[in-house]
Structures are given as structure tokens and as C-alpha cells.
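Protein chains in written order, with this note's numbering: chain G, 1 to 351; chain B, 1 to 351; chain A, 1 to 351; chain X, 1 to 351.
Hints listed in this document are in silico derivations from the structure and should not be mistaken for laboratory results.
It cannot be assumed that every hint is accurate.
[Claimed, not checked] Derived Cβ-Cβ restraints for the label pairs, each shown as a range:
1. GLY303(G) - GLU49(B): 50 to 56 Å
2. GLU62(B) - ALA65(X): 45 to 51 Å
3. PRO314(A) - ASP271(X): 40 to 46 Å
4. ARG52(A) - PRO70(G): 54 to 60 Å
5. PRO314(A) - GLU26(B): 45 to 51 Å
6. ALA129(A) - GLY57(B): 47 to 53 Å
7. GLY57(B) - ALA73(G): 56 to 62 Å
8. GLU49(X) - ALA73(G): 54 to 60 Å
[What the hints assert, rightly or not] Partner residues are not named here, just some residues of chain G that face chain A (Cβ under 8 Å, in silico):
9. VAL54
10. THR56
11. SER180
12. VAL187
13. LEU240
[Claimed, not checked] Listed below are several chain B residues computed to face chain G (Cβ distance under 10 Å; list not exhaustive):
14. ASN58
15. TYR199
16. LYS206
17. SER231
18. GLY242
19. SER246
20. ASP266
21. ARG268
22. ASP271
23. ARG292
24. GLN294
25. ASP300
26. ARG311
27. LEU318
Using N, Cα and C, we set each Cβ at its ideal position, and we do this for glycine too.
There are 4 protein chains.
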Amino acid sequence: MVNKPIDVAILGATGAVGQRFIQLLEGHPWFRIAELVASDRSAGRPYSEAARWVLTGNPPGELGAREVLPLDADLQSRLVFSALPGDVAKEVEWRLAGAGHVVCSNASAYRMQPEVPILLPEANAPHAALIDVQRRLHGWTTGGIITNSNCTAAPVVMALAPLRPFGIEAIHVVSMQAISGAGYPGVPSLDILDNVIPYIGGEEPKLETEPRKMLGALDGEKIAFLDCVMSATCNRVPVLDGHMVSVSVRFGESVSEVAILQAWTDFRGPDPVPGLPTAPNPPVVVRAEPDRPQPRRDRDVGGGMATVVGRLRPDPVLDGWKFVAMAHNTVRGAAGCSILNAELLVENGYV
Amino acid sequence: MVNKPIDVAILGATGAVGQRFIQLLEGHPWFRIAELVASDRSAGRPYSEAARWVLTGNPPGELGAREVLPLDADLQSRLVFSALPGDVAKEVEWRLAGAGHVVCSNASAYRMQPEVPILLPEANAPHAALIDVQRRLHGWTTGGIITNSNCTAAPVVMALAPLRPFGIEAIHVVSMQAISGAGYPGVPSLDILDNVIPYIGGEEPKLETEPRKMLGALDGEKIAFLDCVMSATCNRVPVLDGHMVSVSVRFGESVSEVAILQAWTDFRGPDPVPGLPTAPNPPVVVRAEPDRPQPRRDRDVGGGMATVVGRLRPDPVLDGWKFVAMAHNTVRGAAGCSILNAELLVENGYV
Amino acid sequence: MVNKPIDVAILGATGAVGQRFIQLLEGHPWFRIAELVASDRSAGRPYSEAARWVLTGNPPGELGAREVLPLDADLQSRLVFSALPGDVAKEVEWRLAGAGHVVCSNASAYRMQPEVPILLPEANAPHAALIDVQRRLHGWTTGGIITNSNCTAAPVVMALAPLRPFGIEAIHVVSMQAISGAGYPGVPSLDILDNVIPYIGGEEPKLETEPRKMLGALDGEKIAFLDCVMSATCNRVPVLDGHMVSVSVRFGESVSEVAILQAWTDFRGPDPVPGLPTAPNPPVVVRAEPDRPQPRRDRDVGGGMATVVGRLRPDPVLDGWKFVAMAHNTVRGAAGCSILNAELLVENGYV
Amino acid sequence: MVNKPIDVAILGATGAVGQRFIQLLEGHPWFRIAELVASDRSAGRPYSEAARWVLTGNPPGELGAREVLPLDADLQSRLVFSALPGDVAKEVEWRLAGAGHVVCSNASAYRMQPEVPILLPEANAPHAALIDVQRRLHGWTTGGIITNSNCTAAPVVMALAPLRPFGIEAIHVVSMQAISGAGYPGVPSLDILDNVIPYIGGEEPKLETEPRKMLGALDGEKIAFLDCVMSATCNRVPVLDGHMVSVSVRFGESVSEVAILQAWTDFRGPDPVPGLPTAPNPPVVVRAEPDRPQPRRDRDVGGGMATVVGRLRPDPVLDGWKFVAMAHNTVRGAAGCSILNAELLVENGYV
């Protein structure tokens, strides 16, 4: 196994998700930020000048003086976290994988590529084995690409993963998503104060496909998508962090309320996931109050890595069940999930 | 026909909906506020002292000096608007109907009573004929009670009424409701700033039953509920006014996008509704932009009486269609609807 | 006098202030929008495509199809409203004035130019005579430039204008400014939700100089600035519209509370201002409640053109008085004020 | 010295400040919550039922089952934290002091009583000696009452304490206060969303007197108030936590920018304060960015116990300096300060 701490690079380090990587990696037991990488506009400048820190608290202390590297830099870190925008990610991530780096990406560029997993360890840790397929297909030696899901797919998949044994046939999702999901500067305040925007460009198609891949089973060298029908509606609400989803689901068999609650409560995910440093314990937290989860009051549960569920009750239209789920979109739905993914890859020997 | 202007009384005049009645009746061509009625705490005081004006702008000028009457006052106005809370409404409204007054109520107390209509004129004007049934059943001479719907049911029913010819079989609703729906003081700011509350007490059962009555057909002396299955999830969002609903619907037949858009665009409601003073024209406004309707930007369309719809697209889970609808909850969903209801009753000779 | 309606052009028509011009000029008794002008990015496209409408309600009906003209177009309208950003405004406005157009500008480019007035008609209508100076100095025939103030200076000057007779010696202002003051997209929601930003770039210097010019007296061919000392602190708050200022003022003489209240109540501004179509009546509205003015509840008073004041009480530090004032920043503080300015110029024969 | 951990009681444990006490005392090295006390409505019920938890995260685990005691209970804890409302506090706190308890109060009831200190340890730790005066005056043996300041006075006093050597002559404050300062349910969302309320009942008189006592010097058996003139204006803004103040100050001597910045940076407060468990280090944090401090981004600095200052620049009206200061109102301005006060009393031997 690799010696720890492991040096890591952050691509897109100046953006909102890049900042969250920096914040979450502070004091990480395995990883040490070695390289900060960003676009030409930032490259060559000290991080504290290049980045406008938008998170709570102070900009990072000792990292502030670190020089930001350009996207074409020759990186030393084996492990690379990418918070690049989709178009840039496509070229840069592929090149780095080819050069031997393991890339844990937040971008959507490669999510639907057959040999690239959308990894949510508690739900689908075995999908990580697709890295072997990547290496053979593309002649990569030590490199590889794994992605994490769209930030709204995360609470959907996490809440449904424990329920797969009941035979998921249909999933109906209406989301209420936080503004941080759009990055910085992102949503203009003139658009969202005292308002809801019932549309997020490109989000619904992702939410109608990614969960089926994530909840699918690794079948030899590819993933067999979950055979279910999905409908997604996405809304932006005036909330800082925390994506909430109203989910209805129909199962192939008759399922009781108790069985669902039990499945959630017992859920831990496959080994070695529960023992990884960033893994929340438990990953799914069930709230009994009628008015929970709420984004502001529940987004930091489990260090922002837990998915909080509640309000389980029958859905007469789907002839199934409906519930509310919520997860921190820039932690569990972005940077935090990538870090957990990387921990799994380290543990599995891919890094 | 009755001489105009017609004197009207407002019950619960000091509350948030009572204030909206006062605001909307200013300059009304048919109605003149003659009596302001409120609970014992307010009775006997000048209105401007008894009420804490929470709407935009100034408290009402000349009404400010008007003495607030107690709930047991002997009212002179034939027409009574009630913004009373449910428990008080039950007793007072019944007594007033027995005493010959026509009560247009915002309370839920009598909505599910078989001989009481939940009136949304464009959608179900013929239901007003139940007043004849009331009079015969209860021996009332000139009195009667009509209600308007729960404020969230309004945009649901208004958007679906034009689509009844397609055979509505299933309705799935997820709401995002404004804080004014909870009255004043209502929702504490500590609960809703930077937050969404996925629960509104008692709201979902109403939203799963009232629309079926409202969309039903008058069959002799009673209403045959629309034979469909409903599911409702209600959320409170940090928006001042305007309830937005994400609606999925399954029809008994195959329906095209064009047919739905045409039905919405052509919809006017039965005569004499389109000619009533408060009727919006058109009642259903279709927006083509991908990100509309929005509560803040669309709630005042048609003086707050229109229902704005958009984002029509297929729903693969229901094997039907989904769309977004929005209406001003204290205008179309409360006071404004009551006023339109009263106009219909006047035109029909019930007042 | 010129024939009405008078054709007008709007420069920067696609921006937030440009949109407010369009909204406020709808149905204006004297002015008719003839030309919509914007940057190269928008020029040549229909207005409805070029502009992303950010105000409440619908984009403008018949104007939507109008082709947007480029900044170097040969304009036909004698009267030009400019909502251009400062750098662009500098070149374009000067060129148009030279070509015979009267430019009513929202930009700061020429505010401190000695021969250009910062016009707030109720407070300083005589300053309009500087146009004669402009024409002689620059050889302009029918052209001229007038500006309106920084949007935060508007409520300060309007509240203090009636108090000039008491001898203003010192003005201390702390502002709480709405997000619409920053235009669109303007303030990112990630910066302002659940937050206050105690800084607005370039705002405090403007607020410490413009009011002294505006409150000054026309002395022959130039304005003698008000001889007083000023201090300004500017904050951005999560409010859509309405700039509120906490003002402390020291007078040269002892002044009673009653005298100040009377001065505000009696204030109308010099003739012909009170009779202009857009002039609010009264221009200064005094609220007696302890918790008014408030941006949301008072910004639309007088069609958004009034300045609402309240909370008058002694300030022991300045040995004077302190109070709160509020005005709608994009109406009274921007587009609405420009329109009122133009009405004054028409009435004075400059157009 | 007393044995640790020391049992403490929390009065008003179910309210917003009471909850903050519980949150902050979790894991405290010296104090252990032994008794939860609240009004009759809550007494006798388990805490988790009696209290509606309004803070972020989960209600307290093991304390949830604890039975809430009535206000007249015979308390065992020597040390009592009081989050009672003013009227109730007056009677209860006095009685407990007489019965030998040391009461650290958030209420305003005794703040202006001459022998009761308003303690902000970094600023005025010597004032704690007034407990000796109390004991002699009232015949109390081991009891006593200390208060902490109004939540808005805290950042004012903390920012000015390091500047006392320059001779403070005048203080002008305009506050922008968070909604949590009003408790729960507190400010209705209908009042504060998209709004600012320029008034907080009773707040300005407190803010114009308490700082003068707090910044005063202990002179024998009483406090000589700081001899300066004060002016305060208080505003409520839509912010969850964090009171921000815009402060102008005039000194008796000429002071340079560098001298002020140095005084802030060097400030630690008298021994033994810097070594107390809850003392932030440093207590005053200077931010160099032009747009800081901000409530959301800076309120948690130093665990919510630091005061963050910035924007130092000359104030021409006061012929002095102006700056912005911010502190967490329910931590530094309430529960956290009481805990720090109690730590000082323990260290000084009063508990």
C-alpha cells in the first residue's frame, strides 16, 4: 500500500467546489494538498490573490501563499481531485489519466462513459473495479478516472440504495436545490431572493439517468443500469447549501413502512467503506419529526456527508412510497464525495 | 337584481387575509366595505389600532377610523366575506347563513360539507347552485355558504380544469408555498431564512381531496367527485407570496403537447364568469420560457388572479405530463377568489 | 413648446435600469419610446431576445419586437435617457449632446463636471439652467447633459432639502442598500443571502460629495457647494429594492422636532415641479410609526418616487438630529428621477 | 479552588439562548449541565418535549430525557446561567443570589444596578470585584449576580476597549442586527424577508448607556462610567446570526491609523482572561479586505467568541475614525459571554 500522507492536486482550486476541497482536506489523515491548479487567469499567482474565498470563515492559512499552477502543468501528485467545469475537464482529465494520475472528478464529462464509474461508495463501491477496464481499454498504466454524481443525484441514490432489495421500478423526484450548486458567482441575487426558479439547465436529464447507472450492478466489464423509469423536476430555492428532494418510488413487491425504515437504519454500505476516514456513520440518518429534514438544520449532519431522510408515507399515485431526502450538495454531493471515493481507491490499491 | 354598490362585511378583518380583502375591495365597482368584524380582542377599537398592517404600502385611509365590530354583532350587510380561522368560522358562518347572509368563506370548516361548494368560478361555476340545496335543507331563506379552496389547491385546479376533457386519472403534486400562506405572525424567520420546511400541518390531506371535489360535476343535488387518485407533498419556502406547484398528471387517453397548450390558452370558464369584474383574462397564462413561472415575477399577473403555467413536458413515471403552475396565494388563493365568487353569486341572483 | 408626445431614446435599454425606464415610460403622458439602444452584443436583435427581463411581471409587449440599435446609431429622438455604464457613458453622452440631443443620464461620468447639474427637481430645479452654460462653453446648439444622483444620495438629499433653511453643517450617513443597486447580474446570491456586505466599491466617495453639490446654490454660472462636512458608510443588505439611510445632521442653529416635521410635511419643491407628471405629491412622506420607513413596505409610495422618512430624534453625538429615510433606488434613485428631470427640462423649454 | 467539573443550572433552558448555552457547554472542560430550568409550561416534562430545538443540527442527545425543573426549584448547582426574560429574571435571579448561587445572567434586569457588573472579561475583568460589594450590601454569603451586555453592545465595547488609552470622547453606532437576537419565535418572516426594520424596541437606550458602564473604571466600590457621549441607531436585517455595527469614534487626542490597528492586534485583555477555556485568541480579529467583516462569513471566528473588525478610515464629521465591527450575537453577545464570565469568576474564587 502507498505511503501516507499522499500528495494530492486540486484542479479548479479557485472555484467554489475547489475551495470546498481545500476546506475538507485540511487535517485529512491520508491526503496532503501538494498542488493547486487553475485556469490561465489564476496560474502563476498566489492562491490567496487568485481565489475569492466564498466559504464561511477565513481563506486557508498556509495555502494562501502557494502559487497556482496552470492546467498544463506537469503534476507530481498521483491523486488528482478535479473541480473543473465540464468542457475543460474533458480534455484535462483524460490527459492526466493517460499520464498515470488517478482523477477523482466532479465534472459530468465522463459520467456516462461506460467504463467510468459514478461512484458513491456506500451505494456502489464495486463499480470502482471499472478502473481495471479503463486501464486495459486505453493502455493506461497507473491512471484512471472516477466521477461522482450530480449533486442532486447524491441524496436520491443514497436514500434508494438501501431499498434496492425491494425492487425499484419507478422513481419520481422533485428537487429544491441550494444556490451553491451553481458555483460562484452563480445565481444572481436578483433572481432568487423572494423567489423560486423552477428550472436548472441540463439538470433534469442528468437526474433521470445517473441514478440508474449508480444503482446498477457491475456485470463483468460494464454496469447494467437499474431497470426503472425516472422522472425529475428541478427547482432552485433561496438556500445556501443542502439539496432537498421529494421522492416517490414504486417497488416490484409490497413493502411495509417498517421494512423501509429498517433498511435505512441498518444501511452501512459494503466493506471497506464504513471504515474510511470520510465515511459518515451512519450514512443515512432517519428523522422522526414531521418537518425534517431541513436544509439549514440538517446539512451538516455527519460532517455534511450524511443523507438525512424523513416523512415516509404512502404515495397513492405511484402505488408506492414517498419521502424527503436531503444532503449537503458541495460536501456529500461534490468535494466530500470525491474525497471518500479517493479513500476507497487507496484502500482498493488503485492509487 | 340587487342595487349596487352592495354593502359587505369582512369577518376577521384584522388578519393577513382580512387585510387583503380590504386592499382588493378598494375601488371595487360593485362592493363597498360597510362593516369590519373581528375577535373580542379587536372589537370596539378603531381599525387602524386593532390591526397591524402587514401588506405593502399604507394602512387603509378612511377605514382606519372605522370601529371594529364583535363577532356576534348584528350585521347589516347581506354579503359577508369571512377570513376567520377554522374553529371560529364554523360557528359564526353557520349562524350568519341562518340569519340570511350569504357568506363567502376562506375557512376550511365547511369545504367538505356535501351541500357546500368549493367555488373556483372558471373551473366550476355551476357548483354555485348548491346554495339552493342549502336553503331547502336548512330552511335558510336568503342565506348560504360558499367556500373557496385551500390556497394551494387553487393553481392545481385552475391548471387542470381546462384538461378535464382528456380524462384526468392521476394527479401528483409537490408544492413550494409562500410564507404568507401561514398568516401573521405565521412562520418565524428563524425557521425559514436559508431553509425549506418540508411540511405544512394539515395541508396535504386537503390538497389530496379538495381538488377532486372542485373538479367534480354537479349531479343533481350533489357533486360527483372527480374519479382520480391524488398525491400531495407540501413545502414551505422563503417566498413572500405565490404558491408554486410541480404537477404530474395522467390522462385516460393519449394527449399531445399541443392539445394541452391549446386547452390552456383557450380556457375562459363558463359564462358569466369571464365578464365578472375580478375575473382575470385569460385565467390561465402560459409562459414559454424554460424558467417560468416564478413566484416573484409572475404572482401579480392578472392582478394576482391569473394562474401562470409553464414547463410542460412528458412524465415517464406517470406515463403522462408534468408542468409547473403558480398563483398568488392570498389573492387568487384567498381573498381575491372569494370576491370573484361573490360576484358570481350576485350575477346569479343569490345575493 | 415642443409637440407631445415626444420621442425618446433609451441607451443601455437591456440592463436593469434600462428595463425600469421602459416600465416607467409605459403610458407616460408626454414621452413615447422611439428608440432602444444597447451595446454591440445586443444591437440588431429584437429587444425581447437581447434583454433578459429581470423586473416583476412580463417583458414589454409591443417593444419586444423592436430592433435594438447600436451605440453609434444616428438617433432621431431629441430626448435621450442614458442607463449606460460609466465608461461607455462618458464618450457616448458627450457625442450625443454635441449632436443636439438632451441627455438625461444615470451614469456618474459627468456628475462632478462643474457645468453639469445633478438634478433632483424638488431640491434643486434651478440647477437646470446650467444647460445654457454647457451650450455656450461647448458650442452645443440644442444639446445638453443632465445627470441624476447616485441612487443612495437621492433619499439623503430629498430628506435634507427641506431642512436647508436651518443651516446644515454636518451630515453623517450609514446606508443599507438594496441589491438592485448593483444591476444585473450584480450581487451573487452566495454573497448576500443571510449576510450584509459592509462595502460598495466607489460608493462612499460619491455619497460624501454629490449631496453637497445637489444641495448647493446656483451662483451665476456655477454651483456653490453646500458648505458642510459629510461622512458616509455604505452597506449592501438582502433587500430587492429600496435604499435606506440612517442620517444624522447638525444644524447651524437650534431646531425643534416640530420645525423639522413641519418642514418635511410642507415641502413641495419649486414651481413647476409639483405639477410635473411624474412628481410625487408630497415628495417627502413622514411616517409616525416607530418602525418605519421599511424598504419593502414603503418603496412604492408615490409610485416609487416619494422619499419616506421617520424616526426623528436627537443625536447627542452630533448635537443635532437623526432620522431614517428611504427611497426606491431604481425609481426615485435612477430611471424615475431621470424622467422627472426630463419633464422639468421640457417645461423649461430645453427640449 | 472548587473541584471540577462544576455542576451548573440553566434557567430558561428551552428558549433560543438557553439552547445556545446547552450547545456551548457540550464538552466544556470545567462545567457540567446538572439542571435545566424553565417556566411552568415546560416544567416536569422531558427537555426534548418541552423545547423546540431551533439551532442547527440535532437536539441534545442525553439531555433530551432530562426533566425540566420549575423556576422555584431548589437548585443544587452553585453556578447558574440565566437566559430568562427580563421580568421573570428580576425576581428569580435575586432570590437565587440570596440563596448562595452565583448567577451569570443574560437578562437586562440588573445591568444598570450600581453594584452589578456588566462583564466582558477582556474589557473589564476587574469589575468582577463588585461581587464583594454585593455580598456586603445584601448580606449574601456565597451568592452574586453578574450580567453580560446587550448583544449589540458586545462588539462595540470589544472593539473600543483596546482604544481607551486614546481617550474616547464620542461614540456613534448604527447597528444591523440578526434575527436570532429577538429569540424564538421572534421576528415573523413576513416582517423581515426582503426588508429591513429600522427599530428594535428598547435597544437604543441600552446601547447608549451600557457601553459607558462597561468601558468605565472600577473606582472603589462603584464603576465610574466612561465620560463620553453616545448615539445609537438599531436596525434588524435578514441575517440569522451576527450583529454588525458601523461605529464612529472621536478621541481626545490625535490618533493614527497605525496606532489603532496596533491596539486592536495587540489586545488580549488582562490576566487571567487570555487563559480561560472559552476566551478567543485573539479576542479582536482585524480583517484587511475592504468588504469584511460580514456576519455570515465571520460570525464563527474564534468559535463565535471573537469580535471581527475592519474598514478603519477617518470620519470627517466626528473628526475621528470609523470602522465596522461584528460579533456573534448569541455566542459572544449572550451565552458564550456568560460562560466566559463564569470561568473568570471561578478563576477569581467567587464560585
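* Provide an ascending list of the numbers of those earlier hints which the structure does not satisfy. => 2, 4, 5, 6, 10, 14, 16, 20, 21, 22, 25
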